[in-house]
Each structure stands twice: as structure tokens, then as C-alpha cells.
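Following the hints, complete the assembly by docking chains B, C and D with the ligands onto the known chain A.
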Amino acid sequence: MAKRRASSKEVSNDDIGEANRLELWRLQVEIRHCEQRAYDLFLQNLVKGTSHLSLGQEAIAAGFAAAMEPGDKSFCTYRGHAHTLARGVPMEGVLGELMQRDCGLMRGKGGSMHLTSVEHGVMGSYAIIGAHIPIACGSAWRAQYLGHPDVSVVFFGDGTTNIGAFHEALNYAAVFKLPVVFVCENNLYMEYTPIGQITAVEHPAADRASAYGLESIIIDGNDADEVYRSARAAYDKARAGDGPTLIECKTYRHSGHSRADPGKYRPPGELDAWKKRDPIKIYRQRLLSFGVTESVVQGIDDEALRKVDAATEICKASELPPEDILTTDVYADGGWAWRN
Amino acid sequence: MAKRRASSKEVSNDDIGEANRLELWRLQVEIRHCEQRAYDLFLQNLVKGTSHLSLGQEAIAAGFAAAMEPGDKSFCTYRGHAHTLARGVPMEGVLGELMQRDCGLMRGKGGSMHLTSVEHGVMGSYAIIGAHIPIACGSAWRAQYLGHPDVSVVFFGDGTTNIGAFHEALNYAAVFKLPVVFVCENNLYMEYTPIGQITAVEHPAADRASAYGLESIIIDGNDADEVYRSARAAYDKARAGDGPTLIECKTYRHSGHSRADPGKYRPPGELDAWKKRDPIKIYRQRLLSFGVTESVVQGIDDEALRKVDAATEICKASELPPEDILTTDVYADGGWAWRN
Amino acid sequence: MAQLTYREAVAAGITQEMEHDDRVALIGEDVAGAGGVFKATVGLLEKFGPRRVIDTPISEEAILGAAMGAAMTGMRPIAEIMFSDFLAVCWDFVANEFPKSRYMSNGQLGCPLVVRTGNGAGSRFGAQHSQSVENWAMAIPGLKVVAPSTPADVKGLLAASVRDPDPVIFFEHKSLYAMKGDVPDGIHVDTLGTARVVRPGSDCTILALALMVHRALDAADRLAAEGIDAEVIDVRSLVPLDTQTILGSLVKTGRLYTVEENPRLCGWGAEIASIAADECFYDLDGPIVRITTPHIPLPAADNLEDIVLPTPERIADKVRRSMG
Amino acid sequence: MAQLTYREAVAAGITQEMEHDDRVALIGEDVAGAGGVFKATVGLLEKFGPRRVIDTPISEEAILGAAMGAAMTGMRPIAEIMFSDFLAVCWDFVANEFPKSRYMSNGQLGCPLVVRTGNGAGSRFGAQHSQSVENWAMAIPGLKVVAPSTPADVKGLLAASVRDPDPVIFFEHKSLYAMKGDVPDGIHVDTLGTARVVRPGSDCTILALALMVHRALDAADRLAAEGIDAEVIDVRSLVPLDTQTILGSLVKTGRLYTVEENPRLCGWGAEIASIAADECFYDLDGPIVRITTPHIPLPAADNLEDIVLPTPERIADKVRRSMG
Ligand SMILES: Cc1ncc(C[n+]2csc(CCOP(=O)(O)OP(=O)(O)O)c2C)c(N)n1
Ligand SMILES: Cc1ncc(C[n+]2csc(CCOP(=O)(O)OP(=O)(O)O)c2C)c(N)n1
Ligand SMILES: [Mg+2]
Ligand SMILES: [Mg+2]
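Chains as they are written, first to last, in the working numbering: chain A, 1 to 340; chain B, 1001 to 1340; chain C, 2001 to 2324; chain D, 3001 to 3324.
Just chain A, with the same shape it has in the complex (with noise of 0.2 Å):
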């Protein structure tokens, strides 16, 4: 099957609308301002445990999100800070959890990995590679069953093509015809070994698209209108009854797999020229080519430092977790007796 690749051509019509282009925008740089900011909690040992950091896939949560109706449901993994976020996961919930506050989504009771928002469509940060493919069929399953309207979407990275259950949950959308749509997010490396090396095609899930009976579809996950319009087209698709979709985003995230990790074994200029292809740099840019004003670009920009900011003021201010939400919660009867 032929690749799909969006042409220049493309990018530059109006198929997009200069609202959606500037909701794009504004969710690119509040994940970007709010990732750095937790990058520098994390300096500041106030984000504790593990964080996986999405600097330089901003353009991948935001076009996927920005295409979604309310009641679609994202399913993340552990680097789900940026999907929860563009969901529009207040902050302070997500900052909070990462510093283990009060305020944080689950009350520090998940952690980095784990970001949930119900209310928002987040349905869960899944730190077990691959698991959360099948269950986001599930959720397919569901709506399908259910007559329900949503999409289910489904993120995780280059590495995770190559575990059994991405295989399995492939297959078995396709199979049923499910609604939802599975976006790799091909940052090259899975945490330091580069993706090549372990994977025995270039293109770890375009080129297993085939195997399953879908189109091979490899997009530009750093232009922001390629991914919204990619996005679009799958959730139609879906809606319509016609099935899953595939899409591997080609990204590169600029800071280390997680935490402190300096990215050593990337080849010298490898960041450098990917940071050329900043997705925030591309689209300020988009945005200035179809005229929109420089103040109003910098404006958005700057409010989304200043939401950072004091979302970042209300999770220092937060209390711990307190102790009595250790046993809560276990079973749905609010507990964890497991004796009467």
C-alpha cells in the first residue's frame, strides 16, 4: 500500500480555519511551557518519582486532541503529561500529580505515569508497554455496542510495536471493526536504544499496517495541521463504521527518556537538527504566514507561561496527600476489606 505523506501543497490551504489553528497553538505551547516547568520542579526535587517529558511531540497531542469531539476517549502512556493536558486537564491536576500534591489528578495516589481525567476523556496513563492498546479497543468495543457516538485513540511509541499485545489489539480492531485509531508516536529511540536496532522494518508501525489490513499511513508528527487533518480523517472513519486506523507520526522528543537522562547515546547534531523541526517553531511560523499578527501569536504564548505559572504556585501550595486516601478505593465500595 502507498504512503501516505502530506504535501506542501496541502498545508498551505485553509481546510483548518484560523481558530482551529490557534486552539492549535495555544495547546502546543501550554504543553511545552508546562513540560519545561516540570522539568524544572524536577531540578528543584519537587517533582518526585519518574516524569516522561513530551518537549518536541507537542504537535502530536495537540492535533490529535484538537480534532476530538467531547465524549472521545484518549488512552496514554507514563509520557501522557501531554495528552492529558490537551485534553484540558487543568495544570495544576497534572503538575500536582507529578509532585505528588493534593490537588494533583489522583491526589498523588497514581503518580507521573498514571495521569487520569475522566471527566476530560482521559481515560488513563498506562506504564506497562502495550496494554493499553487492547484496552482502548474495548472502549471501541463499547461505543460500537453501545451505539455511542466516540472514537477511541490510543498513543504510545515506536518501541511498543514490537510487544505482542500491539499485535494482538491490532488485529482484533481490525477484525471487528472497531472505532479506533492507533497513533504511534516515532521518536527513534525506545528509552536509549535507537528503534532501528531492535525492530526488523524501518517504519516500526507503517510497515506493519499491512499485517492487520490497514493502510500504511506515516505522517510529520512536528507540523501540528498534518496531524490535526490526519486525526480528522481517522475519526471519521471511524464514526462512519469503517474501522481503525494506524498512524505513525514521525517526532522527536528533545529531553531523555525520563527524568535526568541526559540522551548520551544520540549521535552528535541528531537533537540539533531536529530541533531545527521544532513543532513550536514550525507553527509559529504557519501561523505568521497566514497572517496572523506576531502580538497575537506572543500573546497566547505568554498567557500560557502565565497559566503555568500559577498552576505551579498552586501545587506548591497544596498539602501532601493525606493518609487516610492510602486504603480508599481498592474495591468500588470505597475500601479494600478483603474479609469481612
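Treat the hints as calculated values from the structure; they're not laboratory data.
In silico DSS-like pairs for lysine-lysine, Cα to Cα no more than 30 Å straight-line:
hint, chain 1, residue 1, chain 2, residue 2
1, B, 1177, D, 3039
2, D, 3047, B, 1177
3, C, 2318, D, 3252
4, C, 2039, B, 1264
5, B, 1264, A, 177
6, A, 264, D, 3039
7, C, 2039, A, 177
8, A, 177, C, 2047
9, B, 1264, C, 2180
10, B, 1264, C, 2047
11, A, 264, A, 275
12, C, 2252, D, 3318
13, B, 1177, A, 264
14, D, 3252, D, 3318
15, D, 3180, A, 264
16, C, 2039, B, 1275
17, A, 264, D, 3047
18, A, 275, D, 3039
Label pairs and their in silico Cβ distance ranges:
hint, chain 1, residue 1, chain 2, residue 2, range
19, C, 2002, A, 332, 30 to 36 Å
20, B, 1215, A, 196, 18 to 24 Å
21, A, 323, C, 2050, 49 to 55 Å
22, C, 2313, B, 1259, 28 to 34 Å
23, B, 1337, A, 323, 42 to 48 Å
24, B, 1240, D, 3021, 25 to 31 Å
25, B, 1264, A, 215, 33 to 39 Å
26, B, 1177, D, 3191, 35 to 41 Å
27, B, 1240, A, 196, 19 to 25 Å
28, C, 2322, D, 3252, 21 to 27 Å
29, A, 323, C, 2322, 39 to 45 Å
30, B, 1310, C, 2311, 36 to 42 Å
31, B, 1271, C, 2002, 36 to 42 Å
Computed, partial: chain A to chain D, Cβ under 8 Å:
hint, residue
32, 48
33, 49
34, 110
35, 114
36, 129
37, 162
38, 191
39, 192
40, 193
For every residue, glycine included, the Cβ atom is placed at its ideal position computed from N, Cα and C.
The following block gives chains B, C and D with the ligands in isolation, referenced to the frame of chain A:
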């Protein structure tokens, strides 16, 4: 990638030679008679537990085994009688294990689904779908690592291509260029469910080959010559250090999935159509067309039946396994002590 | 009261719940067209159609993942894992996904589903198709774990499991599928977390589960003939665990025995023994004795399999010796 | 004696065994180029090259399957599963393949391999990266199960595991990787199946494993100040289990406590408690008390995680109360 099908021209050349052809015939009729006997013994309540016959699939077992060198390793499934016999394992070892007698290959400790004869290169039969595929990769890794010349060959069904371990193993073998040959026996059914109903692609193995950078190969699994040629090519490639091969063999099982399954889920006429393509029938004609006399052909057939009769008598005369083996060979010290 | 087999009771329980609640659907390998390899779901496809009774590929992770995603978002799925041994290929869902999402999300997510699975030995299937793994599930916080011993309990506890808002692992014993028994007519929903005294007695307490309940009862009859009056308790539910009934009996009899089909180490009886040795130490009149399958993989051969699980003789013998 | 960290002791043990035996090779995710996510395998790629130290895809089933196939046919592989929680995604190999092939083949096949894995809590990683699952492995017949508490034991027991002809699951505690300790110079091979009395005492026996050993010792110090002289035993190896040392101590002290990081149900302490309540009932002077993590998934937040595992205060408190 193009699909490879042996042409009828190929079939008529004599690259295989009479000695090999008679061997292929002997293996096929021995398996046929032995499997039929297993079924008869089951009806007489002499085969205990479950059993999974390869009636109709003999050409695959014969072709792959006949092309092997001593030292090559076979990894089988619960449907493994045929592959075990094809490596030269005595029939009384196989039938004895089905009958759970002391003369059985594992003295009744394993049962029909776990036939193993290390001295013949049968490195076990595995009953949990998929597990043996990565295990065969490990054996191939050992050959590569220690510089051994042997090839590891793993047999599995069409339904098995949908489990995660299949995917992981194929990628793993391709990445490390392991000397392993993956053989999918596509008999059109996963137990009672038609494979097409629960698989996203038409050819469950071959249509996935490209996901691992492998050639898509589909062969007529009922033609022992075609099987033999494909096996030889794959083994040569493996031994040359050129990595794994995945081969999908089209075939059909004449009997039910296991034990007394009457196979009612089959559309009318399907079995009859396939019986016209019975590998035994095909090969008998092949030999005659190559000028082998009817008496030689029939003589081998008769001899096979005599062997089965003799093995049956040995098994019937064999004792039940003694109780003292119940707790042997849990650990390498021969015993089962988990405490001092 | 209808007389049903244990396997018919499975179908009856599912039928009742599917009629009661449209959100209930069944997925698994060969559960629809073939009615299950153990014929426990015969007739459901015909009754409820392919929307609600679904044959899946051999993809246990996808099956349990699909069940979980559906459960989280509003369905009440029942997933079949054909043999409980195969829980190992999808253990991540059982151990790491189902039972943790409610806690990790601080109560935002729930996972109301049932995994039915064929458990236990007796069919001469060998080491990979005969295990009793209810203790694997018991070890995981956040799960509920049920193992019925009669057709009536199958129906009632299965119904209760489907209606329960938490993930339930439901162990059906393969060697009981053919067993017949009375099953209450009409809607029948039992209560999870309740053990049952199946034979009252005063001299000792014998705990058992599933197939072992019948063997314990048989042993109790033998012991009665010798003047030992054993109380036999069908534990039924490992989580929640009915410690009131269990410890209440122990306080009365002063002696505790467990009859477990699982291999010895870390079996369910170990947990109960440890509870008793702590909380009822001063009520005990003698050692707590566990009668289990030895800590070995299971053999296939019929004569070997027959002696490897706890037998009525072995149970009675162990009780007799330690009481003597 | 060299002073090494626990993580350096891992690399030292592997180095020793790779130098000793060419059949030993290491596979796992990021174990080679990156030296492991816990930096426990730093330097091995440089020393032994890419033939023997191999970075794999994220394919835990392929990793363990490859290790098994190689072990069966003549190698002595060491496979890393990064976090022990991930054993769930490849549990089929651990529970159904490694430990059964020798038995099922009536001794024809063996499976001499080691699975090293980062186990336990303390890093604020939350419920899917912090579990103590040594009891999962203990429940499976045919495995050996080891969990060292010091750098010296890491090296010596890892070496013993690599040389052992059976499959060994080797639990490294993540919160101990930074711990320093003396490690014997030269070839050091310890013995599996041996517990160690790490603090002799006469009033009660406290059993612990891995991280909990240090907390039990701390608790024993507190108790000593109050006049309770506790004997602390580092169990070290769950299978084989050194019941001689354990029960010998119990017979001497009359009191048994277990300190387990696993959630309560079916933890390793339950098994030992059940053995003691059977075989040493008449030696016991009081209840057997288990101090465990509560039966819940683990929280991420540091203040919550700090109080959820057994702490020295909690251990001392439980002992004090039941001895009092
Ligand atoms: C089953 C499992 N194996 C290994 C890990 C450890 N791990 C966490 S992230 C990661 C790399 C994932 O790479 P990729 O899928 O490319 O995602 P990225 O982190 O690049 O976004 C690994 C190996 C895990 N969490 N789960
Ligand atoms: C993990 C697992 N799931 C399910 C089964 C039950 N099972 C045994 S054979 C089989 C069908 C396999 O079909 P296929 O791979 O086509 O092989 P065939 O039996 O046709 O040779 C199933 C589902 C199993 N043994 N292991
Ligand atoms: Mg990546
Ligand atoms: Mg088949």
C-alpha cells in the same frame, strides 16, 4: 512482495531424487497409519486425555523433517505426533505416550500434547499457543552463538498467528538474523472457528511476513515435494547466516480438532473437496508418475502398517507408569525437594 | 428446582444476566459458534446473537484488554479464558491492569467484569492444562476470586459476579462440568464473600474449594465412621474471604485443616492458616494441617493424576493421624 | 574485601560468571549500550562485546522464550526483566514453560537460566513499577527463587544462580541498588537454599527478605532497647527454603514473625507460617504474626509510600504488642 508458488513444472523435475521421494512416502504413510491407529485406540478408550491428529497434514511433517540434517531441532505443538514421528521417533514411544503407558516417550508424565525426544531433535511439544515460537528462536540463538550448524524449525497453526508471542518472535528472529524457520500449517481452522473470521488478512502468516522484513511464502502443504523444496531452501538460507524464513503451508485436517470433535462447523463438501487433494493420494500418484512401481509403493505402505501394528502391541503390553516417577525430575537433581 | 449440570448452570447464569442487563456480553475463543470447548456456553449465540456472544481470535491479551476497556466505559463484559493455565499469557491484565485502575485513578475508573476460566485437574491433560491457579489470583490486591463447587453455586455466584462492580476471576472446575445438582428456579443471585458450612461437625474444621469440597465431604464420611465428627466448609470465595464463618468454626472445633488442589507453596490454605495461627492461636488444640497437591507440575497419566491430587483417603488419613 | 554497591555487585557477579563460562550471555532491554536502566550492567558490553551482552526489543515474551530455548540447548543465559511487575507480560514462560519442561519431558530437557529483575518499592513509581512479586514465583513448582539483601549476597547468589542447573528467578531490590557493602574478592559463589541468621537472639524469630531485612534489623535494635532480644533471619532463598534454619530458630525462641514487602494475601510468610503452625505447633509460645504491606496496590506519593511498607516502627510495634 510476490507470493511464491511452486509451478507444476517444478514438480516434475527430479531435483529431489528417488531415494528422497521414497523416504517422503514412507514418512507420510507411517504418519497416516499411526494417526489412524491413534484414533482407533481413542475409540477403544485406550488413548487417555486429549489428542490432536494431523490426518491430512502429513506432507508438511514429512517434507520438513526429510529435509533436515541430524542435529536440527523441531519445536512442535500439541498437534505434534506427525512431526515427532517424522524425526524417526519410534511409534511405540508416541502411541505409548498417548496411551499413558510406561513405554511412552515421557513415560506418561507429559501426555500427548508434550511429545519430546531430544535424541531425535524433537525439543518438545508445547500446548500453550505461541510459547514455543520464541523458544525456537532461543535455540537458534544458541546455534548462532556457539557456531553450531543446526537449524531450529518451529511448527504452528494458522490461529496461532494472532497471539502476541508470534509477533515478538518474528521480529526478534529477523532483528538478530537467527537460523530459525517458522512453519505455519494453515488448516483453515482455529479449533472450531474459521481462520478468516478472526483474522484481519487472508493469509494469516504470509500476509504478515513483510511486517518483519520477510518474504511472503505460501506453499501447497499437501504436496510433499513442494514442502521439501521450500524446507531445503529455508534451511540453506538459515545455515548460510541469512536469517529466518516464514512459510505458510495451505492444508486441511481430515479429522476434528481434537479427540472426538465431529467437525460439524465445516461447510458441506469442504472435507470432500480436500480429500481429493489428500497428500497420500497425491504422493502415491507422484511416485507412480515418476516410474516407481506399484509394488514398491504399496510395499512401503504395507510395511508402515505392520510397524504400527507392532507398536500397538508393544504399547498394549506396556505397564502403567510406576508411581515413583511422580516426583522425579522436577529439579535437575532428579527430585522435587523445595526445602531442606 | 431444576436439575442442571455444572456446565448448564454456567449457561443458565449467563443467560439470566444477559436477559437482566443489556450491557452484559460474552467474549472468548469458540464460545459462540461452538458453545465453548467445555460446552458451557451452548445456546447463547442462538439466544442472544453475534452482537452479544462473540468468538475471538487466539489473543488472550486482546480479549482481557477489550473486556477491561469496555468495563471501564459502561459495559459488563464476561470474558472466557479457556483454561486457567492460559491466564499466564494475559497475566498483565489480571495482575496489573484490572485491579489497579480504580486505585491509581483515585476512584475515577472502575472495572466491572468477570473472567470465567476452566480450572483444575482430572482430565489427563498434563501440566499445562490442569493447574489450579486460584491462589495466583488471590495474591493480587483489587481482585475478587470465586470458585464454586455445585451447579447452584455456579449460577448464583456467577450472577453475583456479573453484578459486582469489581473485577471477578471466576474459576470453574473442569472436573465438575458434568456434575448434576438442583438449581433454584427463577432469578438466582448469590452473595460473594460467603463461605458455606456444608457439613456441620464438632471435632475439627476442614476447609475446601471446588472439586476438593466433594472429596472433603467424602473424607468426613469416612472419619465419621471412626468417630471423628468433621465440619466441612466450602470456602466458595477467596476474596472477599469469609473469615467469620471460617474462624467461627475453628473456635468451635479447635482444629483446622485445608484441602487445596493447588500445589503447596503459597496456596490459599497458607493464607488462611496464617490468619488462624495469628488470630486464633489460643483456640487451636493442635497443628494446622494443609492437605495439598504436592509442589510439582502435574503428570498426564491417569494413574498418576489420580493419586497426585488430595484424595478422600489421603485427607482422612492426614486428619486421623493429627487428631489421634 | 572490596566495597561495592548492590548494583555494582550485580555487574561483578555477571562479570565473574561470564569470565568463568562462555555459555553465559546477558539479554534484556537497554542492558548493553546503556548499562541497564538501574545501571546494574554498566561496563559489560565494553568488556564482553555485543555477542554476549545484547540489547533486545520490548518483547518480554521473546526475551524469556529466547533464554529458555538457548538454555535447553546448551547455553546459560541471563535475561533481565527490567521491573518485576513486567513479569506479568511474560508470565507464561515463568509459570508454564521454564518450570515444567524438565518434568513433562521426564528429564530429557533442562532449563538452566536466570531471570534477573528489579523488584520492590521505594522509588515513588506507583502501582505498576513497585511491586514485590517474589511470592508469585514461589507459588510455581519447578522454579528457584532468590532475593538478596546485601552486595555480597548479590554477587554470591547471582553466581550460584547462574551455575545452578534449574531456572532461577533472581529478585534485585530497587531500593537497595545504592547500598554499599563488603564483597569478597576473587571468585565468590554462594549456596542457594540457605538462610542466614543476621542477628542472633533468644526471645523471638523475625524472618525477612531483601529490603525488609534491614528494617527488621532496625526493629530488632529498637526492641533490644526494651529488653526483647529478637533473632533476625535473612531468608535469602524462598525456593529452596531453608526450613532447618528457620524452624530451628523458632524452636529456640518459641515466637515467629515474618516481615514481608508483598501485599498480604498468599505472601511468602503465609507459607512459612503454615509450615510452622503444622510442624512446630507445640513449640510455639504465641501467635505467629505477619507484618506485610497491606493488601492494596501501591500509591505513588512519597509520604504515602513511606508508610505503606512495613517500617521499623511498625515491625517493632507488632512484635512488642504480641510479645507483651
Ligand atoms: C512491558 C514493559 N517493558 C518495558 C518497560 C520499560 N519501558 C518503559 S518506557 C520504555 C521505552 C518505550 O519506548 P517507546 O515505545 O518508543 O516510547 P517512548 O518512551 O519513546 O515514548 C520501556 C522499555 C515497560 N514499561 N513495560
Ligand atoms: C494461549 C492459548 N489459548 C488457547 C488455547 C486453546 N487452543 C488449543 S489449540 C487452539 C487452536 C489453534 O489453532 P491453530 O493455531 O490454527 O492450530 P491447529 O490446531 O489448527 O493445528 C486453541 C485455541 C491454547 N492452547 N493456548
Ligand atoms: Mg520511542
Ligand atoms: Mg488451524
